[in-house]
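K.L.:
Residues per chain are reported as follows:
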Amino acid sequence: MELAELEAAVGELVARARAHGLDFFDMHFEVCPADVIHTVGAYGVPTRFGHWSFGKAYYRLKTQYEHNLIRIYELVINADPCYAFLLEGNSPVQNKLVVAHVLAHADFFKNNVHFRRTSRAAVEAMARAAERIRTYELCYGRTRVESFLDAAMAVQEHVDPHRGVESPGAGEREVPHTPYDDLWDLDGPRRRSREVGNPAARPEKDVLLFILEHGRELADWERDVLAILRQEMLYFWPLMATRIVNEGWATYWHLRLLREMDLDEGEAVEFARLHAEVVQPLRWQINPYALGLKIFEDLERRYENSASHEGELNDRPGGQGKQKIFEVRATEDDVSFIRNYLTREIVDELNLFVYARAGRDWRVVSQDWQLVRDTLVARLTNCGFPYIVVEDGDYGRRGELYLKHCYEGMELDVHHLERTLPHVYHLWRRPVHLETVLEERRVVFSYDGERVRRSFAD
Amino acid sequence: MGPKFTVGKEDWALYRKGQTDQERHRQKVREAIKRNLMDIVAEESIIVSDGRKVLKVPIRYLEEFRFRFNEGRRRHVGQGEGGTKPGDLLGQEIRGRGGGRGAGDLPGVDYYEAEITVDELAELVCEDLGLPRLRPREPRLAGEAPDFRDVRKKGLSGNLDRRRTLLEAFKRSAREGRKACRGLVPGDLRYRTWDVTVRPEARAVVLAMMDTSGSMGTFEKYVARSFFFWMVRFLRARYQNVEVVFLAHHTEARETTEEEFFTRAESGGTRCSSVYRLALEIIGQRFPPRDYNIYAFHFSDGDNLVADNELCVQLVLKLLEVANMVGYAEVEGSHRSGSSLRNAYKRIRHPRFVSVVIRDKSEVYQALRAFFGVQVE
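Residue numbers (our numbering), protein chains in the order written: chain A, 165 to 622; chain B, 18 to 394.
Be a bit skeptical, because a hint or two may be false.
[To be verified] Among chain B residues calculated to face chain A with C-beta under 7 Å, some are:
(1) Phe22
(2) Asp28
(3) Leu31
(4) Tyr32
(5) Lys45
(6) Glu98
(7) Pro103
(8) Phe251
(9) Arg271
(10) Phe370
It should be emphasised that the hints constitute simulated quantities derived from the structure, not laboratory data. For glycine and all other residues, C-beta sits at the position ideal for the given N, C-alpha and C.
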């Protein structure tokens, strides 16, 4: 597709999208080879620092592409102006679909409340961070920086996305006024010590921030690396937390905008085929494009149609379909989207089910819509990561780190846990502990620099 | 004024970030493989191949460890194509390495494959191995080899030395006082020519001896096979010619083909001395110790005729006189019984005699290291 032709198509789509009320940043569409798409896919942002794990992700994408297993048509970066990468060699229809899809993503980035606090200059910030990390590699040695990154990245998901850059909770923390304040506590029974330098007076969700602020033996460059990882995670978090609603929104709009366009017969067939590929069922997992689209279409229909039983029941005048979906795109993340709007009809229509392992077999357990909904919500909570907090930064008065997994019925992977604790030790440089629940029993895993031990707490 | 847009197509040729980090990942995989050599060395898919072909070995990607949920004990949500009922089977866990496609789709199974060729692997295996206590051999055995080390004015046109020819042309032009060099004349041409030189060639022979009596089971043979596979590869890296002679024995010993050696099961008692005697005979007839580096390795489960043990010790000592190394590996399988040849060999105190015990297939690599680890003198 010639650039001029693409430009014309983009122009038309931008005008149509705006007419529908989509509101996005200035856009830049970059046509680039598959390699670049895979790199951006692996790193998240093209200017990000280098690490072997990204190389692994890149290699994986590349191999899957070469074996024709996947084809990424587009990637979009939440920034102002918004960057979108189009795969070189896309057909005109592919490009139109992708551009329409991307415009809706950009609208979502700009208007969804969960993105309110993300930096729109992340591309530049990450380029600067990458530069600093390169400098550290030169100053402190590549392997040293790499192994620190390995360790820090092992806990990078454990940030508090609702906290923002400055900590609103800082004032609430118990700050001792004199060194003798802890004497007041002598009367009451206390489980663990609390003293200056141990601000984990209440459980701290932001493990990265806690280590960054209270790790006693971290060098300045190491603190900086932690800060970089944390900032980048806070940037990526809303993207992870709104995948279904965001993809649903974008799919809704590419469908709608392309249906309005003047496609000839061949193009219409190609578009139908492409769209069908996007929303095909995946068997082992839900397809966020299909599920999101279904919910948006369902919402629009229900709020548009006043004559329905539901409309009467809720005293809705009808004709609010568009208003409703724009409201949803502004306020929801995946968890609230599913909890509020996944209905029995959608679960049945998409043939969603809950499955689990029994022995060596994976079997369908249930098709009950409420169980489907609750299982999905549980899996999406905290972006699918276990909820881990710092309970104590001076455990046993030995400056040890005590983490707690807030168990909600889902056990941790012990194999991974035992190999992640040494990474935490690498950051904290003193013994670290993690409390969790296995087979209904409270258990504490500890790593002292040599080996992982587990002890049952009760 | 609404949002503006631009469409561009930059030159991305220099954007190599992904490739750079991919290379780093590859390096780390190699390091990880090195740390796990003992498991990989005993990998069945490698040993079964004929060893010559370049074959790809499945290796897991490096894992990134995280605090994460145990996917196997968790409920998942999937989507069917209609008509799904509770109790429907979606798939089964595939155990073991190289479980094939499909396994990667199952929740929680991080199954990707990185690739390494057997040659690369062999290089890693051999990296730390050396030939201990080599006796100097007279370079009697020699092969003829062409050696290009002269330049002449006449020669075969295929051997034209273009650089020297041009140089001659330049020099000639300069002598004739011209600034530019124009064309070549026959006198400018220079050819590389060779001399036939005689080069000493190092040769080695491996005497692979194995107990094939009834008590040697599949596991015992498998261990022997892995060991010989890697040893031959390692010796080939050191010597131009490595010959392997397979000797099987129960109460009698005989020379066999490689295939027979590893497949044929026999029965009966065990008399290890028979194979040593045969080995000495073969050395005497075909492999004069002056020309060959001789390595003799014997695999057995140690269940030897007690009366025979003393004779074995004597013969091993005799073998040591001619061989670079004599190794004895006792494979301790699941069913093991009383008397052990190993105990008899404890008396042999010779720097070139090494004995090991193998209990698990991962110990093959340790055996290799025990035999060929470069010893600190």
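K.L.:
Which numbered hints turn out to be false for this structure?
P.N.:
Of the numbered hints given earlier, those the structure breaks are 2, 3, 8, 9 and 10, listed in rising order.
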